[in-house]
Each structure stands twice: as structure tokens, then as C-alpha cells.
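Peer 1: With the hints as constraints, model all of the structure from the sequences given.
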Amino acid sequence: MPDVIELENLSVRLGGREILHALTGVLQGSAIGLLGPNGAGKSTLIHTLLGFFPSSGGSARIMGEPIGGRNKSRLARLGYMPEYDAYIPGLTGVEFVKLMAELSGLPAEAALERAHEALFHAGLGEARYRRVETYSTGMKQMLKLAQAIVHSPRLVFLDEPTNGLDPAARRRMLHLIRALRDGGETRLVLSSHLLRDVEECCDEILVLHLGRIAAIRDLEAERRARRGYWQVQLVSEQPSAREAWQAALRQAGREISELPGGRLRVSMPPDGSPRELYQLAQRWGVQIRRLEPKHDDLEAIFLRAIEAAPENPHAGGVASAHS
Amino acid sequence: MLARLSWKQVRGSRLLMGLLSAAAISWLVFAILIYLHFNTGAIELLNLVVSRLVPINSRFFLTFLGIQAVLAFFLVLLLVPPVFSRDLAHQALAYYLSRPLSKLEYAWGKLAVAAGLLSAVTWIPGLLLFGLQAGLEGQGWGRQHAHIAVALFLGSLIWMAVIALPAAALSTWMRRRLSATAALLGWFFVPGIIAGIINRGLTTPWGNLFSPLSLARIAWLALFQITTPSAHPVLHHGRMPLQAIKPVPAWCAYLTITMLAAVCIAILWRRLEPIRGVRG
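In order, the protein sequence lines correspond to chains R and B. So in the working numbering, spot 78 of the first sequence is number 78, and the numbers just go up one at a time. So in the working numbering, spot 241 of the second sequence is number 564, and the numbers just go up one at a time.
Derived by calculation from the structure, the hints in this document are not laboratory data. Errors might be hidden in some of the hints.
[As the list claims (entries may be wrong)] What follows is a list of derived Cβ distance ranges for each label pair:
no.	chain 1	residue 1	chain 2	residue 2	range
1	R	137	B	505	26 to 34 Å
2	B	467	R	70	47 to 55 Å
3	R	137	B	501	21 to 29 Å
4	R	113	B	412	56 to 64 Å
5	B	599	R	304	32 to 40 Å
6	R	71	B	340	41 to 49 Å
7	R	260	B	435	53 to 61 Å
8	B	467	R	71	51 to 59 Å
9	R	120	B	393	49 to 57 Å
10	B	370	R	131	35 to 43 Å
11	R	126	B	340	32 to 40 Å
12	B	435	R	136	28 to 36 Å
13	B	596	R	113	30 to 38 Å
Quick reminder that beta carbons are idealized off the backbone N, C-alpha and C, glycines included.
Peer 2: Below, the structure is given as C-alpha cells:
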């Protein structure tokens, strides 16, 4: 099985501004999460891989095929769910999805059959004969998903699929995405600013920051090797005692960082025992009001990647780290 | 596929049916005028004098093309802006262009219905009239007047280029149907007014190059081989002696129309972008 996406010094310049800077990396997951703050270049990367934008340098491959030009057989094997509200008014749901299937190369009869299937799969079976402009936001999102997968693409790009969805619709959308991933026939790239969505659906992430790769992580490996830590809330009348407690822990080799709400993040010893914390607290006269064992989640991975990335886009080379 | 979709989107329009009916009636009237020349029974019955009937010559076919061209313009107003604005106003272009469909195929698919219907009211009925006349007249009339058939065909294509391509370019530029329709009306009439002002003010025919209507007419006159000075747009006003003003050469009109078409295609190409702006 070839790599899903290979990037080799891929740069994209739009409107005289470089949006993506020499991206290099290989993505192999069955569900790849594309993460990054607003303006990081997530959508630009997707649009470049779809051929909407030309690259200004470097190259990229999807499933082993270069993205340059409009290779029809490659495009027929891709699916795309746009981020924004997009539809063709005047068509019913089934007409719209059938048209998209036909444009992807399916014969009319098969396209109709697959359109019905995709709409049922997306939970729009009852609404499939309604005009798409009458659909609610949630229904339109489902419709966008249905048209993206109707032709059974090998790779589907989902750009912010849970945008504007209420909690129930969001759960349903994530369930559909997981089902798509677990089906095994379609690889997917999920761009989202919601870390939970990515954590729930993806097995690999690419973090973009200021148009550069901040990290590429195998989430499965990260989950297996999750680093533990203690989340601690202290009570102390004297700030000096609190500082002394922290200094003693640092001396003992523990990493400490501040968390919101005055809490502390203390790296966990290999045996995971809090005895050391209590002993030092007793010695320095501080009271541990709350102590919770925690593990690194995607947010921690994401924040570390963003913090490690160069702030100045012109400061240095690519910060890619493929695991 | 896209042509089928475009047809589905416009086929229910009463205005479309009205315009197509008007085009058919117009054709029928011209066909009757031709037929009258050869039907002695009808001539006697209606007490007509053959020499006073409308002569069947280049000008006859030019008049037919002129009438059909007006109907074609309204067809373009009706057909072209909606097929593009539906997609562009609702950001649907990315759906098409993320699939194995090029911009050219998309544009052609969207314009195919308009091209088909414009053909159905311009050169196809024109050539049918020509065939009718050639068949009834016989004696090599068709061969002798072959330039009329060529003029009907090329003149129709020129007209389509002058109205349909700007319509497509303006529709993709404006994105909204109403504004695109208004812009198209403006495109058609405002340059004509400017051309008139230039022509009158400077006593020159060159202002015609600014008017799509005049450009098409100059091209048609050349194609139909009609050289009468009064037929040329500017010379109708005639502040100067008619013969003193040399009309705009046809090649200038062809060149301007070609440049206009190229600009429209460039605009169309540029505006058919699947994504508007950079979102990050």
C-alpha cells in the first residue's frame, strides 16, 4: 500500500504571499487529522492536494501519484467535503448526489443507486427528495459528506465536517467518519480545529503552524506511550513555601509547569506514586488540596508542537518530525 | 451531464417557450415570403404583383438574421446568467472541479444548452430558409449564392460570440443572476450610446468599434457582401455626405470581436475558481 500523502518541499504562494513553506513529510494513517490554529494553512494544503491551487515549489503525491495537472483518474478516486456552505440550488438531495457520482465517472444507473445508498447512510433517506436549499445546516453537512463518499473514493478530504452541528448531529457525523475509516476501503484526511473530533477519528496527525509542519505524529503510538502527570492544586499561606516545594520537586527530577486556574502539572514518576509529593508538601508546609493523575492528550501534543514551532516563518527550516 | 442539468434548470420557463415560439413564427413568416414567390396560385389569390414582393437576396437573409439575433439576445439573458450564478453564488464550483472535470468542460457543459438553443434560432433556421429558397428557385441559385449560407452560419457564430461570451464572463464576475443580467443589458446598450457619441462628436465611424451591436452588423454586412454605405451604422446619421465617410473595415470588426472573445474567455477562466480567497 503506497503512502497516503507524500510532501516534498511543497510550497504554495497565493496573492504574492507564501502560504505553505516547503512542507516535507509522509502520512500513512488510515485517518489523518490535519490540525492547526486558524490561518495555519490546513485548507490551503487540502486545496493544493485537490489541484485547486498550483504549488510554487516542491511536489506532493497522493497514493503514489503526483498532484500536478488534472489527472482525471486520480481525481476520480478522491472525495472532498468543503468546509463552507455549498450546494446547487434547485436540485433534490438525490439529484445532487447522483450528479456528483456521475461527475466522478459512475454510469447514470449506478450513480442513482449509490446516491440513494449514500443518502441513507448519511441519515438523509427521508429528505432525499427535498430540494437541498431547504435543508437545515446539519442536513447540509450530511449531504456534503454523502456526495464526498458516493463514488467510494480511495481518499476523502473532510474539511471541518462538524462545523455548525449540534451535539447530537456532531456525534452522528463522527460516528459516520469512524465507520468510513473502519470500513478500510477509504482513507481520510480530516481537517478540524476541534481536537476532540480528530482524537476520536484519527490515527495520525499533521500539525500545521504558520504554513509549516509543526509535527507529524502517529496517534496510536502516542496513545500507547502516553506520558502521565499529576495535576495538583495547592493551598499555602506563604508563597515562598509553595516555591520551595516546587524547587524541591525540580531537584528530584520532576518537570513542573503552570496550568490555568493556579494548578500545576507535575511529571509522574515511573511507579506513578504520589508519595513523594506528599512528603515534600509536609516538609515545606503546603497543603495539597487536589491531586489527579492525568495523561497527555491530543491537546497536550498539539500545544507542545505549536510551542516548539518557530514563531517567525522566516526563521528557520521545516519543523517536521515524522514518527 | 452538465448540459442536461442546465436544460433541466431552464426548461420550465414560460419566457423561454415564448422566445422559441417567436423565433419559430418569425421563421415561418420568412418561409412564407419565400414560398409566395413560387406559388402562382397564392399570388393570384392574394392579387399580388411578383415584382413588388420582398426580393429574396442577401438583405432578405440579413433581415432574418437581425430579427433572430434580437431573440437570441433575450435567450442569452434568460439562459446564461442563471446557469453560472446558481453554482457561483452557492460556492458549488469546488464540487465540480474536485472531480475529473476541467474548467473548460465545466464552462462548455454550462454553455452547451445556450449554444444549442441559439443555434436553433439563428443559423439552423437560416440555413433551412436558404435551402428552401435554393430548392424552389433551382437553376444553381444555391451555388451562386453560397456566400449567403456561409454568412448565415458565420454571422450567427459571431453574434453568439458577441453576446454569449460576455454573458458568461459577466455572470461569473457578478455571481448573482440579477446583477449579471443588469450588467449584460448595460454591456449591450451603454457601449452603443458611447459609440454614437464618438461617431457624432468626431464625425467618424470608428466609434462603432465600441459597440457590440455595430461590430456584429459590420461583420454581417461584409459576410453578406452588402456594400451600400447607408447600411453601415454610423452613416445613418450622416452629418457629412454619406460617400465621404469610409466605413470601418470589416477586418477591424473581426479583430475587435476576436479580442473581445479572448478577453471574455480570460475573465471566465479567471473567475471559475473553485475557492474564493485563502482561508488558511
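Peer 1: Hints first: check each against the structure and report whether it holds.
Peer 2: Here is what the structure says about each hint:
Evaluation of the 26 to 34 Å hint for residue 137 of chain R and residue 505 of chain B yields a pass: the beta carbon distance comes to about 31 Å. Here the CB-CB span from residue 467 of chain B to residue 70 of chain R is close to 49 Å, well matched to the stated 47 to 55 Å. Separated by about 26 Å at the C-beta atoms, residue 137 of chain R and residue 501 of chain B satisfy the suggested range of 21 to 29 Å. At roughly 31 Å, the beta carbons of residue 113 of chain R and residue 412 of chain B sit outside the given window of 56 to 64 Å.
Checked against the hint of 32 to 40 Å, the pair residue 599 of chain B and residue 304 of chain R passes, with Cβ atoms roughly 35 Å apart. Look at residue 71 of chain R against residue 340 of chain B: about 43 Å separates their beta carbons, and that is inside 41 to 49 Å. Residue 260 of chain R and residue 435 of chain B have their C-beta atoms about 60 Å apart, which keeps the hinted 53 to 61 Å range intact. Between residue 467 of chain B and residue 71 of chain R, the C-beta spacing of about 53 Å keeps the proposed range 51 to 59 Å intact.
Evaluation of the 49 to 57 Å hint for residue 120 of chain R and residue 393 of chain B yields a pass: the beta carbon distance comes to about 50 Å. At roughly 59 Å, the beta-carbon separation of residue 370 of chain B and residue 131 of chain R lies outside the given 35 to 43 Å, and the hint is violated. For residue 126 of chain R and residue 340 of chain B, the hinted distance range of 32 to 40 Å is satisfied, since their beta carbons lie about 35 Å from each other. Under the hint 28 to 36 Å, the C-beta atoms of residue 435 of chain B and residue 136 of chain R, about 34 Å apart, fit the expected range.
Checked against the hint of 30 to 38 Å, the C-beta distance between residue 596 of chain B and residue 113 of chain R comes to roughly 33 Å, which is consistent with it.
In terms of the numbered hints stated before, the structure departs from hints 4, 10, listed from lowest to highest.
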